[in-house]
Amino acid sequence: MKNFKLPDLGEGLPEAEIVEWHIKVGDAVEADQVLVSVETAKAIVEVPSPQAGTIAKLYGESGDIIHTGEPLLAFEGEGDDTGTVVGELKSSGKGDGQGAQKDQFIVGAAASSKRARANRATPGVRALAERLGVSLATIKGSGPGGLITTDDVHKQASHQKQLGDAEPLRGTRRTMAKNMALSHAQVVPVSIFEDVDIGDWNKGTDTTMRLVQAIGKACDAVPELNCWFDGDNLSRQLLSEVHVGIAVDTPDGLFVPVLRDITHRNLKDLRKGLENLREAVATRKIPPKEMQGATITLSNFGTMTGQYANPIVSPPQVAIVGAGRIREKVVPYDGAATIRRILPLSLTFDHRAATGGEASRFLGALVDALQKAG
Amino acid sequence: MNTAKRSNEARDVTLVEAVNMALHRAMADDENVVVLGEDIATNGGVFRATVGLKEAFGFKRVMDTPLAENLIAGTAIGMATQGLRPVAEFQFMGFIYAGMEQIVSHAARMRNRTRGRLHCPLVFRAPFGGGIHAPEHHSESTEALFAHIPGLRVAIPSSPQRAYGLLLAAIRNPDPVIFLEPKRIYRAVTQSVEDNGEALPLDTCFTLREGDDVTLITWGACVMETLQAADKLAEQGVSCEVIDVATVSPLDRETLLCSVAKTGRAVIIHEACRNGGVGAEVAASIAEAAFLDLQAPVVRVTGYDTVMPYYRNEQYYLPQGEDIVTAVEQVIAL
Amino acid sequence: MKEVHEFHVDSTRYLDDHGKPLSELPRQAGNTDRVLAAYRNMVLTRTFDSKAIALQRTGKCGTYPSVLGHEVVGTAIGQGMAKSDVFVPYYRDQAAHILRGVSLKELLLYWGGDERGSAWQNCPEDLPISVPIATQCCHAVGVASAMKIRDQQRAVVCCIGDGGTSKGDFLESINLAGAWHLPVVFVVINNQWAISTPRSLQSGAETIAQKAISAGLPGHIVDGNDYFATIEALDAALGRAHGGKGATVIEAVTYRLGDHTTADDATRYRTAEDLKRAWEKDGIKRLQNWLHDSGHWSPDKEKALQADCKQAVEQAVEEYLATEAEPPTAMLDYLFETLPAALQPQREQIASKYRGGAA
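Chains as they are written, first to last, in my numbering: chain A, 1 to 374; chain B, 1 to 334; chain C, 1 to 359.
It is possible that part of the hints are untrue.
Stated by the list, open to error - Covered stretches of chain C, going by a simulated chain B footprint (3 or more residues, C-beta under 8 Å):
1. 116 to 126
2. 129 to 137
3. 142 to 153
4. 172 to 179
5. 341 to 349
What the hints assert, rightly or not - Derived pair list, reagent style EDC-like, types lysine to aspartate or glutamate, alpha-carbon separation capped at 20 Å:
6. Lys268/A <-> Glu241/A
7. Lys2/A <-> Glu88/A
8. Lys114/A <-> Asp212/B
9. Lys90/A <-> Glu314/B
10. Lys114/A <-> Glu210/B
11. Lys102/A <-> Asp12/B
12. Lys102/A <-> Asp232/A
13. Lys90/A <-> Glu136/B
14. Lys102/A <-> Asp231/B
These are computed hints drawn from the structure, not numbers from a lab.
Glycine included, C-beta positions come from ideal geometry on N, C-alpha and C.
Use the sequences and the hints to build the structure in full.
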């Protein structure tokens, strides 16, 4: 509220008596509009409004004496409280579109900085390493505090020479090496393996499709494995949508396009999506955007060789499902040794983010979904 | 006469309002927290930092003192030895000097000299820094004086969120904290801060922005200019890591060294004058422990070694964004 | 013109220099046990004091301020205070400290340069010995404020010398005590000397007690060598404080019979005659004479007391001398509740530099 104080009504008169208000609380007034009639020792005077505004409060009634300089009434709005006793403080003003967001900061050092502190060498040594084509990351420093020395660099260089020139990694191979190291440095992986009896599947069932659907069901049952985990700040976001990254091996390397929102799409739509993905990969026409945002990954290496594996969890995801090569096995079935088609299933999860129980139940839901006939 | 339970609502607050929010919170949570100083009760403090406290907690816990800074400091010390947690306000840092003897000779060493028998869980708060067109003596930035005193912590917030979290930490800390509030940015920024009673850690720097090319180290109101300079430099393709030191003593050297290990270049920005400023301690620490990571000398952008000019010429004293940009350009060129 | 206020300062004394009553004695004189306990404490204090000086002279103790002449007022303070009250001393309050429960060994540790000498076991809330002049007065009103905020029936006694009353801290503190109606008793021990500055140069006011008037407090003068006058004033002032009636300033007029400290030589600035006259007014002698005259004391009892005191002091000295110094790392261990990470490297440095002395 902004007070309007009784002005000097002439010749230094010290006070006036309120005769009649011409406005009331809540009224919108204009500048110069008559607010009140007051009586001084000399005469009855009308007091005009100094500004346009809405009346918030009246400081007296008819018959009350108000002294010069005392508040007569108050207008709604920013007070005349300067909020300081010297100088002026610049104000952002609320609601001017600036600020009022949450403060973003990291407590302590950024993760990238902490990692940098690990790989240390003098400028001279760095230059030497570059000249000799040696990567500092391949060297464990023998100097004080893990410092990389000239000797270390020379040793690595001659080592590399004996083995021939190292071929610097490029493109997807390079990215893979970096990502795997990153994952290894942060993730705490635990794997659980199971065999799925797919003997009741219809002929010609698309394995990848079944796996994707099963993942959807498992995420419904145990949402804790469909989340993004922030290891630096120890926080996680449980996600309502399931975006499955589908690892695809090509001569050009590993691609992981994302099949989006699988639990809210119908079967036909999903099939189409999967087809589009496969084609895009085959023709190398995948926009980078299509490879971002996965909430969980499927590695169907069963198209090649291998039964069980503990594939790499890709932060910020917390789980990856591995499907091995389908084979016939002799297993107990209805009390007799029988040949059944078995799909070996692996689940690797980040134990920082999920418990063994959650992972196990997730795997159980996967198995249930996959074993169903159809 | 404690106020009703405080909810964890988020409010849009300025830095000084965040200070107020933290004080309300601390006083509601712990009846030993008391507040004293000049004009802080009925008037709510000249910057309104203590507004509403007297109404909420009563005159016994929110005390208007006579005009005597030395007395304010010493009285707070006495209260603290009895287990109260006083938060004493010095109206401006320029008037804290009268209390130096009490702060240095007693607050800072009560625990040490009684071998832990008595200690001082108190906070001395003061608005500090210039740039508000104030009369002389109202623009002091002498945090280095306190950083030099063993047994004292010196904390300086630079955002509403950090003001809230760090002040709570300071009040809860069992030892004395000098809490300097940069008044130039008291109202400059509004943030959404949750009144959840969660403190931020003291003795820790905050990384405000990640970058690869240069580390900008600063605190207080200069954080504003530094972030603006970082934006400008980003347009030029220079990626700056910005670190808010926050607690200038004890210094979180580890965070600073990690950053310099990554970027190889450091520029320190502070409003206080150059000679013997806290920037000198930061620079020396980096030189000692990260010399081998450096690609360029550590550079300081600071106020001049003079008294802050009166308001007409004030702007010539304060480090400007362009000074920071120039300093960065120079170290990048090396 | 009309007079709007009139102030007066009264001065009390009950015994002449030889211990003979000048008028009817206050009720405290009837409490024989208490009077005897007072006498014993004074003698113990004086015995301890001589020994401490001797230790300093033989290099076994640091600079030490003799309490010679303050035994009466210190004892009255110690007796007048309740256990739950808080004592805020300056640096010449040995007699009071002893009654508050500070051990002789602790006193020796402090002046012998060991911080553990302030880690008092028996009076954990008393403030430590204050070397910076008058700063303790602000702490005293802080402590009293805490008591008032918590509605406790406790009080604070704050000691200060005549020199200290010239400093702002004293004036600011009595002012606050008056403005906030605090339960604190300021005892100004006017021993006539602030190192070499005589009382006459310290202030133009006729009495120090009248400074209380500026703060709106009652100010009383007592003969600081007269046990009955002093204990009566302390009892009354503490009664006021405990009863919520506010603060008092007591000026106890006495004389610093020793040097300022063992590093000072008072013969440089005061005459032998002055000192001789002061000894004639000694408070211990006065009380001893009164006790004899009242039939409560005898030469045998005196002899036994002296032996007891000697024994107690000797025991304390033995324990003190046998106490090993703290390890060097102790210098960082009490700075904060937990040593900050920033200081760990320094502690390690100290530990390895003084290996064998590391904790």
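The hints, checked one at a time:
no.	hint	verdict
1	116 to 126	holds (count 6)
2	129 to 137	holds (count 3)
3	142 to 153	holds (count 8)
4	172 to 179	holds (count 5)
5	341 to 349	holds (count 3)
6	Lys268/A <-> Glu241/A	18 Å, holds
7	Lys2/A <-> Glu88/A	18 Å, holds
8	Lys114/A <-> Asp212/B	13 Å, holds
9	Lys90/A <-> Glu314/B	15 Å, holds
10	Lys114/A <-> Glu210/B	12 Å, holds
11	Lys102/A <-> Asp12/B	9 Å, holds
12	Lys102/A <-> Asp232/A	18 Å, holds
13	Lys90/A <-> Glu136/B	19 Å, holds
14	Lys102/A <-> Asp231/B	19 Å, holds
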